[in-house]
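Chain order of the listed sequences is A and B. Going by the working numbering, the first sequence opens with residue -5, and the numbers climb by one from there. Going by the working numbering, the second sequence opens with residue 336, and the numbers climb by one from there.
Hints are all accurate, no fakes.
Keeping only pairs whose Cα atoms sit at most 16 Å apart, straight-line, the calculated EDC-like set for lysine to aspartate or glutamate is: (1) Lys395/B / Asp356/B; (2) Lys30/A / Asp457/B; (3) Lys0/A / Asp446/B.
What the hints contain is simulated information worked out from the structure, not anything from laboratory work. Predicted, not measured: the structure shown is a model, and the values here were computed from it.
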Amino acid sequence: MMLTCKDVTRLISESMDRSLPLRKRIGMRVHLLICKFCARYERQLLQIRDLVRQLVAAEESPGDPYGETLSEEARERIGKSLQQR
Amino acid sequence: MIVFTRRTWHKNVVIKPAELDPSEWVERYGDYLFRYAMLRLRDRSASEDLVQETFLAALKDRGSFSGGSSEATWLVGILKHKIADHYRHQAREAPLEDGDLREQSDPYPFDGLGHWVSGPADWGGNPADRYREKKFLDQFTKCLSGLSPNHANAFTLREIEGEDTRTICKVLNVSETNLWVILHRARMQLRQCLETRWFNRNTGKGS
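Next comes chain B alone, as it looks inside the complex (with noise of 0.2 Å):
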């Protein structure tokens, strides 16, 4: 313990000096923070005024800082909570409708005993290396943007933080049950649209 509180003292004194180094923030961390908001939120003036946010509440608890981090995981992990409110806040602006939770999208991919009227179409080997190209990204940004916020909501949380769904159902306010219906509805909508949007013009099988 005592060793613990003079690692402590000792980092405060000497390492947090040398980081933290505000002048240097926006140059350095700006457009990072900024992607790391925009893939979460998809939205340009609430990803913009989610850095100046973070940069402000940075500034002014400073004296949390250990040094323990890097300075840009530092920041993140402050964005990280504000992006959780901003989530928290967009859920309680529009909650859960009825329209959430049903079954349908366009075109419904099944008939009225539940076969495949048209099956997902052949992607044509493994898309692995595709997120590289730029033009995924756009694509993938525009697919998730076409969901309903709670939909999109729930696959970012779900499959870009990486949360578990208990997490999420509180973040959103909604039922487990709920929430994997959701979570269907997203993965079926956003499959279809990457088939569409993406998959279908480069592997060339676009009829």
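So that you can see chain A by itself, here it is in the shape it has in the complex (with noise of 0.2 Å):
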């Protein structure tokens, strides 16, 4: 029943991806009430997971004001391929 942090690590990930059975997730939530290093590193990956999703929703605004563009090669490229047809 003793989990150490290696273990709860890995349940951590696991209860972002489904629902833990009860047992496991008792064993954490307990472990996570008493570990400082565990409880900070749950936080982190749930506000990684936030930051991702703020990236992409932010990403895919059209006319986004940052991020990669295609370069002047490949828009030629492309824009031949498309009159071609």
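Could you fit the two chains together into a complex? Lean on the hints.
Have a look at this one:
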């Protein structure tokens, strides 16, 4: 029943992908109450998830001010290939 | 049903010619689709190729555009399929290796008893708005590119595409148990990388 920090980091990740069986979930929660590092680890993984979602939302709005653009060469090549059809 | 048919007919005849304008596609959507692909493939030439393939497929398949969605949404839909094909192809080319499942990272954060050797650093407050800084995108992309292709693709499908694990298992051809391990490894490495490259520097807590 005693979970190590190594076990708990694995369960934290798994809990982000599925709902954990009760025993595992309780074991993880109890550990998180007493372990500062694992609690911080969970918080940071959730923050990264949140950051990525916001990044995706920003990237996908047309006219985004930053990010990569097509190279001139690629733009020309793609334009030509479209004209040939 | 009759109403639906009439509406379809109406859209095909009236709306489609006004909406679809292939001569403007590259100018209007080229960068947008390219950014979309880059975030998911992390590879310039592969992303450029997929944008080109998307436009060509769209041109060939113009008849399938119903006018029910915007031109941009329709094009992204085609690109999404191309991206999924790319992942499938990569998974076939580079199948899962033992190394993908090994509990290892550099530096390994746990001692022999499974306790933290050095725990996660305090990132100082909630970094929620940091994504707006262009540098975050750069560092995030670099960190993601640093993962093995299987790890990076699994993470991308889960966190960027928001797919469920069952779908990802099919695309990458791995078991669900193995996928959990892969995602765990990917998140751990990515967190470590972002801490080193991004948060430490920004919070001024780097030693």
